[in-house]
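**Q** Take a look at the letters that make up each chain.
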Amino acid sequence: MGQYLPIFALLVLAALFAAISFVASRLLNPPRPTPAKVSPYECGIVDQTEPPERFPVRFFLIAMIFIVFDIEIIFFYPFTLVYAELGGFGLVAIAIFSAAVFESFLYLISNGALDWGPAKRLRRSRLASMPARTTRSTIRRVGTEGREVPAGEAA
Amino acid sequence: MSLLAAASATTTFDVPANVVFAVLAVGMVTAAIRVVTTKNIVHAALWLVVVLGGNGIVYLLLQAEFVAMTQFLVYLGAIIVLFLFGIMLTRAPLGRSDDLDNNQRPLGVLVGVVLLAVVGFSLARQWGRDTLSFAAYQGGGAAGGNGRTQALANSIFGEYLIPFEVVSVLLLAALIGAIVLARRD
Amino acid sequence: MDPLLSGGIGLSEILIVLLKVVVAFAGLMVGVMAMVWFERKLVADMQNRIGPNRAGPFGILQTLADGIKLFFKEDLQPERSDPFVFKLAPYLALVPAFLVFTVIPIAGNFSDGQDGVVTLFGHETLMQVADPQMGILFVLAMSSVAVYGVMLAGWSSGSKYPLLGSVRASAQMVSYEAALGLSVATVLLFAGTLSTNGIVASQAGWRWNIWMTLLVPFVVFVIAATAELNRPPFDLVEAEQELVGGFHTEYSSIRFALFFLAEFMNTVTMSAVIVTLFLGGPSGPIPSGAPGWVQDFLLPLIYFFAKLLVFLFVFVWFRATLPRFRYDQLMDLGWKFLIPLALGWFLILTAIKVARDQGWNPVVAGAVAALAVVVGGLLLRSSIRAAEDKDFDAVDPADLDGAGA
Numbered sequence: 003m004g005q006y007l008p009i010f011a012l013l014v015l016a017a018l019f020a021a022i023s024f025v026a027s028r029l030l031n032p033p034r035p036t037p038a039k040v041s042p043y044e045c046g047i048v049d050q051t052e053p054p055e056r057f058p059v060r061f062f063l064i065a066m067i068f069i070v071f072d073i074e075i076i077f078f079y080p081f082t083l084v085y086a087e088l089g090g091f092g093l094v095a096i097a098i099f100s101a102a103v104f105e106s107f108l109y110l111i112s113n114g115a116l117d118w119g120p121a122k123r124l125r126r127s128r129l130a131s132m133p134a135r136t137t138r139s140t141i142r143r144v145g146t147e148g149r150e151v152p153a154g155e156a157a
Numbered sequence: 051m052s053l054l055a056a057a058s059a060t061t062t063f064d065v066p067a068n069v070v071f072a073v074l075a076v077g078m079v080t081a082a083i084r085v086v087t088t089k090n091i092v093h094a095a096l097w098l099v100v101v102l103g104g105n106g107i108v109y110l111l112l113q114a115e116f117v118a119m120t121q122f123l124v125y126l127g128a129i130i131v132l133f134l135f136g137i138m139l140t141r142a143p144l145g146r147s148d149d150l151d152n153n154q155r156p157l158g159v160l161v162g163v164v165l166l167a168v169v170g171f172s173l174a175r176q177w178g179r180d181t182l183s184f185a186a187y188q189g190g191g192a193a194g195g196n197g198r199t200q201a202l203a204n205s206i207f208g209e210y211l212i213p214f215e216v217v218s219v220l221l222l223a224a225l226i227g228a229i230v231l232a233r234r235d
Numbered sequence: 033m034d035p036l037l038s039g040g041i042g043l044s045e046i047l048i049v050l051l052k053v054v055v056a057f058a059g060l061m062v063g064v065m066a067m068v069w070f071e072r073k074l075v076a077d078m079q080n081r082i083g084p085n086r087a088g089p090f091g092i093l094q095t096l097a098d099g100i101k102l103f104f105k106e107d108l109q110p111e112r113s114d115p116f117v118f119k120l121a122p123y124l125a126l127v128p129a130f131l132v133f134t135v136i137p138i139a140g141n142f143s144d145g146q147d148g149v150v151t152l153f154g155h156e157t158l159m160q161v162a163d164p165q166m167g168i169l170f171v172l173a174m175s176s177v178a179v180y181g182v183m184l185a186g187w188s189s190g191s192k193y194p195l196l197g198s199v200r201a202s203a204q205m206v207s208y209e210a211a212l213g214l215s216v217a218t219v220l221l222f223a224g225t226l227s228t229n230g231i232v233a234s235q236a237g238w239r240w241n242i243w244m245t246l247l248v249p250f251v252v253f254v255i256a257a258t259a260e261l262n263r264p265p266f267d268l269v270e271a272e273q274e275l276v277g278g279f280h281t282e283y284s285s286i287r288f289a290l291f292f293l294a295e296f297m298n299t300v301t302m303s304a305v306i307v308t309l310f311l312g313g314p315s316g317p318i319p320s321g322a323p324g325w326v327q328d329f330l331l332p333l334i335y336f337f338a339k340l341l342v343f344l345f346v347f348v349w350f351r352a353t354l355p356r357f358r359y360d361q362l363m364d365l366g367w368k369f370l371i372p373l374a375l376g377w378f379l380i381l382t383a384i385k386v387a388r389d390q391g392w393n394p395v396v397a398g399a400v401a402a403l404a405v406v407v408g409g410l411l412l413r414s415s416i417r418a419a420e421d422k423d424f425d426a427v428d429p430a431d432l433d434g435a436g437a
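Residue numbers (the working numbering), protein chains in the order written: chain A, 3 to 157; chain B, 51 to 235; chain C, 33 to 437.
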């Protein structure tokens, strides 16, 4: 525990530094709030809506898979201290453990839990490689109704 | 704490460690009460950080450094972050919410008392009047200071190998649960 | 373990500890100021600009001037904010940034199997503020605590851009922390200890981990560290075009200064961690005939700062050169490439090391492990494909087709 004493001392020093800075800043320039100053930043326009209260569930899954890997890492560290004594037995133990953790990772990935945004899907999708799909068939031309089709494009 | 270790090498009562523990314990109990009484759900998660962080420092006081760091890394670094994400993807309003309470208080009290009884009984049964010698732990083993962590590693990969491997299955189950909750389509 | 604190602690030990702490604090502050100046000047050079050149020679006092200016700025608190958490967040960002540096060995003689112990005022000690047994785990623990500063700053501001920035940032930071931890595990295979002093000592005599671990963990670590620091090209946290200033949009005056300080301090300490883990920290060739202070302090300090400067330069170079990632690319790189790669590399190296110890043929063991890892990689690839196809199948082709027919 004595080894952590200097860390604690630096913690106190850093916190003191931050606190003294706050006080100094307060004294040097006391806050004079006005409604315009304290309103949320909105690039200059008046704020119309509340900040969002809900976020995509993927963030939750990220935190979940992070816990899984964090625990795996936590077990790896003591393993690195004793793997020389354990020999082949330890190698098998850690391989089984890694395979089991990796399997849950694969499960998560194959469920699409770590996919963000549609761009990649379309790039690799069968739709993109279908011969019937061209720029002429997929992009809707607005405002071309009733117009003469130029001779060059008719082909 | 080895501040007075040289003086108290023969006793088992380490004064600084006990003082620190007393201060920590009061702080942790206060924080734990605030977890359930605060009216803001994000504040509740933050009070829980205080409780879990204090827990980590208690492990440090008991010279269990690896467990302490695991506590910081897994509980503070991952589990509370998961809680905060969980709160944010349902709702995390600023200010007070008045609907954080429900009618399960008696059940909560009951669970708390039962847990206390179980933990207290098993501690008393396991250790009884045994005393922990702080002085014996000073210096932390000769070989590069790895002694206790190595002992821990040896028991994970020896005596407790099966639980260690089962942990990975438990993690898989947790993940499947998360996916099922997340993708209801 | 620092020999200074292993025995009883008296007044002289406490004074030495306090001296070290104050020196580390002052050194970090000066280092951060120098780093900010270095980055601005270097980016300016790379972009064919002049950069700061007014305050002091070569503009070196520019950071100090900016800091003093921020003291005189008004400290605003948005009306919708959560007052307590809003004030707490800068502390949560700054304090871990300071603490990580405590476990970095910056000097001491590590040549010829020496353990870097120096004599300071008649006491044996190490040239690092503290050397807990769990040094490297402490670094990881602090970098996970640093997530709170970012996350709570964004949430408590009660404003849109900070909230979006902080949710993005915290997901990014936890993602890359896993890659960071896995590549550190590979280093530990070669060090056999978690103490930073022990890790440096194990690399003495040019047995630097950067080539002992065959480069891959080093590359993974540098990329993951860049993402963990939210530095370009991974600075989605403050992608100006989308999020204004990111999680600290609503912060002004000294509170903003503390976030800024923490960011650059993290850059410096993370470079120092890379040097410690992969480049042997302060170790290097030391002539045995030199006087003690040259062996213990001068040469190791020069080596350490030279190596540190290389990484500081690299971080700035990244910023000046690489365009910002898109969020899905960022997540894919972390989860679908770096983490599996680091995990596989760890297993292959473990197999080779165990084979060496047991007298098996290391080439065969490595090949078998590599084969298993490749199979894992193929499974991963097919999982990624499966996810893409699954999502695609959910869309009826008839909805997309024939729209323009």
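Simulated from the structure, these hints should not be mistaken for laboratory data.
Please read these numbers as outputs of a predicted model, since none were measured by experiment.
Check each hint, because a few of them may be wrong.
[Stated by the list, open to error] Computed list of lysine-lysine pairs in DSS-like fashion (alpha-carbon distance at most 27 Å, straight line):
{"hint": "1", "chain 1": "C", "residue 1": "K119", "chain 2": "C", "residue 2": "K192"}
{"hint": "2", "chain 1": "C", "residue 1": "K101", "chain 2": "C", "residue 2": "K73"}
{"hint": "3", "chain 1": "A", "residue 1": "K39", "chain 2": "C", "residue 2": "K368"}
{"hint": "4", "chain 1": "A", "residue 1": "K39", "chain 2": "C", "residue 2": "K73"}
{"hint": "5", "chain 1": "C", "residue 1": "K119", "chain 2": "B", "residue 2": "K89"}
{"hint": "6", "chain 1": "C", "residue 1": "K73", "chain 2": "C", "residue 2": "K192"}
{"hint": "7", "chain 1": "C", "residue 1": "K119", "chain 2": "C", "residue 2": "K105"}
{"hint": "8", "chain 1": "C", "residue 1": "K119", "chain 2": "C", "residue 2": "K101"}
{"hint": "9", "chain 1": "A", "residue 1": "K39", "chain 2": "C", "residue 2": "K119"}
{"hint": "10", "chain 1": "C", "residue 1": "K192", "chain 2": "A", "residue 2": "K39"}
{"hint": "11", "chain 1": "C", "residue 1": "K73", "chain 2": "C", "residue 2": "K119"}
{"hint": "12", "chain 1": "C", "residue 1": "K192", "chain 2": "B", "residue 2": "K89"}
[Stated by the list, open to error] Residues of chain B placed beyond 10 Å of chain A at every Cβ, according to the derived structure:
{"hint": "13", "residue": "L74"}
{"hint": "14", "residue": "G162"}
{"hint": "15", "residue": "A167"}
{"hint": "16", "residue": "G170"}
{"hint": "17", "residue": "D180"}
All residues carry an ideal CB built from backbone N, CA and C; glycine is no exception.
**Q** Now tell me, hint by hint, if it's right for this structure.
**A** Now for the hints, and whether the structure bears them out:
1. K119/C <-> K192/C: Since the Cα atoms of K119/C and K192/C sit roughly 18 Å apart, the hinted pair holds (cutoff 27 Å).
2. K101/C <-> K73/C: holds (20 Å)
3. K39/A <-> K368/C: The hint is violated at about 44 Å.
4. K39/A <-> K73/C: The given pair, whose Cα atoms are some 33 Å apart, is violated under the 27 Å limit.
5. K119/C <-> K89/B: holds (19 Å)
6. K73/C <-> K192/C: Answer violated: K73/C to K192/C is near 33 Å, above 27 Å.
7. K119/C <-> K105/C: Holds: K119/C and K105/C sit about 16 Å apart, inside 27 Å.
8. K119/C <-> K101/C: Given pair K119/C, K101/C holds - Cα atoms ~20 Å apart, limit 27 Å.
9. K39/A <-> K119/C: Status holds; Cα separation ~17 Å.
10. K192/C <-> K39/A: holds (16 Å)
11. K73/C <-> K119/C: violated (32 Å)
12. K192/C <-> K89/B: Holds, at roughly 23 Å.
13. L74: holds (13 Å)
14. G162: Given a closest Cβ separation of 25 Å, the condition holds.
15. A167: A167/B clear of chain A: closest Cβ-Cβ about 29 Å, beyond 10 Å.
16. G170: The claim holds: G170/B sits with its nearest Cβ about 26 Å from chain A, beyond 10 Å.
17. D180: D180/B is indeed farther than 10 Å from all Cβ atoms of chain A, at 20 Å.
In summary, the structure is inconsistent with hints 3, 4, 6 and 11 from the numbered list given earlier, while agreeing with the others.
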